[in-house]
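Undergrad: Chains as they are written, first to last, in numbering that gives the first Met the number 0: chain A, 0 to 393; chain B, 0 to 550.
A portion of the hints provided could be inaccurate.
[Stated by the list, open to error] The calculated label-pair distances, taken between Cβ atoms and stated as ranges, are:
| # | chain 1 | residue 1 | chain 2 | residue 2 | range |
| --- | --- | --- | --- | --- | --- |
| 1 | A | N290 | B | K33 | 42 to 48 Å |
| 2 | A | E213 | B | V451 | 27 to 33 Å |
| 3 | B | K317 | A | E213 | 40 to 46 Å |
| 4 | A | L97 | B | V288 | 40 to 46 Å |
| 5 | A | Q174 | B | K517 | 28 to 34 Å |
[Unchecked claim] A few chain B residues that face chain A, going by a derived Cβ cut-off under 10 Å, partial list only:
| # | residue |
| --- | --- |
| 6 | K293 |
| 7 | T460 |
| 8 | M478 |
| 9 | G484 |
| 10 | N511 |
Derived from the structure by calculation, the hints contain no laboratory data. This one's a predicted model, so the numbers in the text were calculated from it and none came from an experiment. Note that beta-carbon positions come from the ideal geometry of N, C-alpha and C, so glycine has one too.
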Amino acid sequence: MSLTDISSNLLYVAFISYLIATFVFGGAVKGNKAGTFKSEKRWGTIAFAITVFGFLANLGYFFTRWGATGHAPLSNMFEFTTAFGMTLVGGFIVIYALYKTPVIGMIVLPVALLIIAFASMFPSEVSPLIPALQSNWLAIHVSTVVIAEGILAISAAAGLVFLLKEVDMTKKSKQRFWLEAIMYSLVLVIGFVVASTYFTATGYEAEFTYVDKEGVDAAITYKMPPIFGMNEYTQMTEGTLTPFVETPAVVNASKLTTVAWSLIFGTILYWIIRLIARKRIAALLKPFVKNVNLQLMDEIGYRAIIIGFPVFTLGALIFAMIWAQIAWSRFWGWDPKEVWALVTWLFYAAYLHLRLGKGWQGKKSAWLGVAGFAIIMFNLVAVNLIIAGLHSYA
Amino acid sequence: MEKMQCTCGHINPPGTVLCEACGRSLTEKEQNSKLVDMRYEGTARRSQTYNKSIVDKIWNFFSSVKVGVSIIVALLVAAAIGTILPQEQYVTVPVRTDATIEAYYSDVYGSIGKVYYFLGFNDLYNSFWFIILVGMLAISLIIASLDRFVPLYRSLKNQRVLRHQSFMNKQRIYAEGPADADSMQKAEAKLKELKYKVSTDKNGLLAEKGRFSRWGPYVNHIGLIIFLFGVMLRMMPGFYVDETLWLREGETRAIPEAPGYTLENKGFEVENYTGEDGEEKFGEALDRVGTVAKNYQTDVVLYQKPEDALPGETNLEKVKEYPIRVNQPLKFDGYAVYQMDFKEDELKTMTFALTNKETEESLGNLTIDLINPEKEYTLDGGSVVKLLGYYPDFSGFEDGEPQTKTPLPNNPGFLIEMTTPETPQGETSFITIQNTVEPFGDNDYKLAFQSVETRDVSGLTIRKDRTLPILGLGGLIFMIGVAQGMYFNHRRFWIQQQADGGIILAGHTNKNWFGLKKDLDQVKEYASLPAYTDQQEEIEKLEKEEAELTP
Ligand code: HEM
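My request is simple: use the sequences and hints to build the entire structure.
TA: This is how it looks when you write it as structure tokens:
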């Protein structure tokens, strides 16, 4: 077995461990019929041990891949996103050690699973580094950022638990709507994973030529049945779906098609769950959070940001600027990736200042924690795949 | 406003909320609330005290956290808007003018692009309103910090051990009840063991830990202000150099904005991954994406004019040889030279043969240097080729005159006159690549193209930034400040033994109540102190129950 094989097997081990731990955590917080907390403690400890085991395997994946590629595995979408899933679990381990809260694990682990599964949809072969990335700062800068984001995301998990308990799911309200929207968007990630896996397994390919936004002829291969067509496209593969809509040149219709298929699969899946359960997903999770101490969740949400904010500053701004000065001759260039790091940072700065006032603890704070995670995910997914795609640098 | 005298006799500065000496509430609002507001120790802040003159009003505006947060949020939103479409610095148009850039936005992005340009978002981060927002952030940082730092410093410096009962029982953590005879001593011992600083006075003690963390926010704000000051400085001349130097292989040129320094390009190379020799592991990735660059490198020699050189002297001293690569700039004397761009295979020379069109017989070769062409080329047999005009980047004729787009030899055009023993009157011809025009009728001779020589051009950026140390200092201070304020907390306990032997205890921390309670649990256990309550939790519980009762 080569080092690369060992590495990907370790990632499987981590994935399976997290999956098992999710259920054990769920069982732990649901409690026994008598409603005693003894079983929560015992099963919580077992689930935590499984999580730590999975995390060690995950670290094993990371360092064996490092050995195999010769550089820190943080250089493309697959590697970075996988690392984020790993640090998310790492952040949880730190918080669990401090506060012993299995319920956070019940939220964090499935999200980490989704993130790792999402990452696996991107090409995962060992890829060489372009000159700009050949620097020790790759490891220093990116690993600090990804650790910080893992910690900050715990705030969203605590916020989510807070909201699951606090928001009344029996009455119509804005908060109920948005809470369910979060659940729906998590299901959409599963939709993306299912769609990608299905079309890859069936080997779907459709080739097109089109005219890009600079007016130059270009070619593209769709891996999913084309719902949207590229600007002035010509179909090159016979027998494939003819796009329903042609998009203007600035839109990457192939990516839009992927989004559309994820929406279709995700929405179907969401409604299957709802029809079987006859409840909203957020309501489905209610029984798991009934014993939660709200003040503790608020404290954890705040604490995670307090711990994560300095680390994020160091990694995403200071180390980033030092490296940019060395590689690109300027420490700051208002590149979209840089700007979104700044936006994330300003957002958490605003959070910290809002917490100084009384009215911003509890529910509002929980929503802000969740919003912070949304910004981090936007920076990871949208800025990499959509916005940066419009720029000469990627 | 007047000075405020407390019932304990102490005279407090105007605007004080909690008496500096005993801690009694001085205002009615404070007296009626269940918990005291400990954020600034109940001290008088300027912004809470004066609101008369225009200066007061400006001060109060900028010291408000609400205003500060609004500025932060405004910057955040503005920054995000700037990423919807690319900023104009990342836009490539053949010729850069306002008109072509405007056209680019509307051509590529349609009406969204038009609106974006119209609103000035194409250069958002340099727009005056964005810069003003940053300026307001700086002002707000300074004023808000001063407003709080000064009174907070005063009151934390002069803390009393003994506090009035009403101060104690309005703290979030509070306990009262009977205790053992040696509880005070034991509590003191345990608190010391937990690294608290303990001071005692009569029947009371004050235990304190991590006070320095209270200065964290002010330290980090100072760091930010220094950083912003550094950013402002770079707009001043002399602090900042940003030049581009295109250097051809074999060329030596003066480095712009670096007097006395000269750089020679010994050779430029681009190297791609091959997938061989230890790169087999990348094979799969290379098959998928095609070529991937591995290295861009310019081998240079840096020269300096000697210190004692006379004006006009051309002697150069070699300073160092260095391979400039991405991520490895050449550094000297505060300057850095970066590998930023390149152009491969620029035309260097062209060689022609002066040939008789009919017999195809050659009278000899001439080689034209495309950067420094000569005026006249004399061949061995006495023939002469005169260069009447040279157009390095020929772009067509205007009013019969040949034009050049740039001074770079991308598409050289030559207007020549050929004189041979057979055609002593001379023949004129205009030559470009693959095309010859004979303006005055058929010639007997022509210049037949033989060969070209090419070379690479390296695009280097010369940078000097004297603000970097200031920015670095600002960043360092910011990091110290946030770590100080966030990884440490200021925890305090006030404990008093009362006449009946019972004990009252109050606890406060600026952050991490969980940690404070953990400490207190240990002390309580060891010294058999009465059980404490988290009054905030109690209040919240009550409020919730009330809310549930009232439909
Ligand atoms: C990007 C800009 C800013 C950053 C990164 C920043 C950062 C911070 C941080 C990290 C804290 C500590 C928070 C905590 O410990 O919970 C803090 C506290 C504070 N900041 Fe800022 N700040 C910024 C701008 C401002 C502005 C514009 C104001 C103006 C009102 C302001 C006013 C305050 C105040 C009043 C405190 C609390 C001080 C205390 O508790 O003693 N900050 N700031």
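Undergrad: Going through the numbered hints above, which ones does this structure break? Give me the numbers in ascending order.
TA: Number 1 only.
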